[in-house]
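*Asks:* Spelled out, the chains give:
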Amino acid sequence: SQQGEEDPQALSIQEGENATMNCSYKTSINNLQWYRQNSGRGLVHLILIRSNEREKHSGRLRVTLDTSKKSSSLLITASRAADTASYFCATDDQTGANNLFFGTGTRLTVIP
Amino acid sequence: KAGVTQTPRYLIKTRGQQVTLSCSPISGHRSVSWYQQTPGQGLQFLFEYFSETQRNKGNFPGRFSGRQFSNSRSEMNVSTLELGDSALYLCASGMEDTQYFGPGTRLTVL
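Note that the protein sequences, when read in sequence, are chains S and E.
Quick note on this note's numbering: the first sequence kicks off at -10 and runs consecutively.
Quick note on this note's numbering: the second sequence kicks off at 2 and runs consecutively.
For reference, chain S alone in the conformation it holds in the complex:
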């Protein structure tokens, strides 16, 4: 079964607005990653945040992590039509192995 759940399942916004997606997970982690997927294609790595970090920025992306609540959020600022995609959070299982547990994903649509 999947480690994480994402909320909302789908989000539709106007270009220029901010988009926030949330991810909750079940067990302790070493790090959490966010990926983007366009229309059933490969996953593109966006950002990794470690369990001892609370916030991380990369360009228009801001990720927060609250390990006490086992949750993370991804904020995309000033959205563009090209940001339309599905977004997944993925966590490890603290064993050091490279198997990721993915959330259910948020389908973001940015309307031009």
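Simulated from the structure, these hints should not be mistaken for laboratory data.
Pulled from the structure, derived: some chain S residues nowhere near chain E, Cβ distances all over 10 Å:
| no. | residue |
| --- | --- |
| 1 | Pro(-3) |
| 2 | Asn11 |
| 3 | Arg43 |
| 4 | His46 |
Derived SDA-like pairs: lysine to any residue, alpha-carbon spacing no greater than 25 Å straight-line:
| no. | chain 1 | residue 1 | chain 2 | residue 2 |
| --- | --- | --- | --- | --- |
| 5 | E | Lys58 | S | Val33 |
| 6 | E | Lys14 | S | Ser28 |
| 7 | S | Lys59 | S | Arg39 |
| 8 | S | Lys15 | E | Gln38 |
| 9 | S | Lys15 | S | Val33 |
| 10 | S | Lys59 | E | Asp98 |
| 11 | S | Lys59 | S | Glu42 |
| 12 | E | Lys14 | S | Gly29 |
| 13 | S | Lys58 | E | Asp98 |
| 14 | E | Lys58 | S | Gly29 |
| 15 | S | Lys58 | S | Asn19 |
| 16 | S | Lys15 | E | Gly43 |
Nothing here was measured: the structure is a model prediction, and the numbers come from that model.
Each residue gets a CB set at the ideal place from its N, CA and C atoms; glycine is no exception.
Following the hints, put chain E in place on chain S, whose structure we already have.
*Replies:* The following block gives chain E in isolation, referenced to the frame of chain S:
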């Protein structure tokens, strides 16, 4: 550096057949992981190979197998295909904690 490549990109098979998918990792990456993505189950981990050894395995039947070669290229094999094996199969190569995914192989089982 070139990204992760997967071949073929699309594949159509019939029930009972077997299939082999190939993945070439990013140069220098020794870890290769495989994932299955379906609309119903989402993204699920199949197995990971590191230095030609299976290091970790997900909860899939024995019909799903894989291997890794000395150049880190990996193959996965699915025998006795079932309709439910229709999925996007994604390969990822890893460096430290980050995994980089290939474009996937879309397998359709008729």
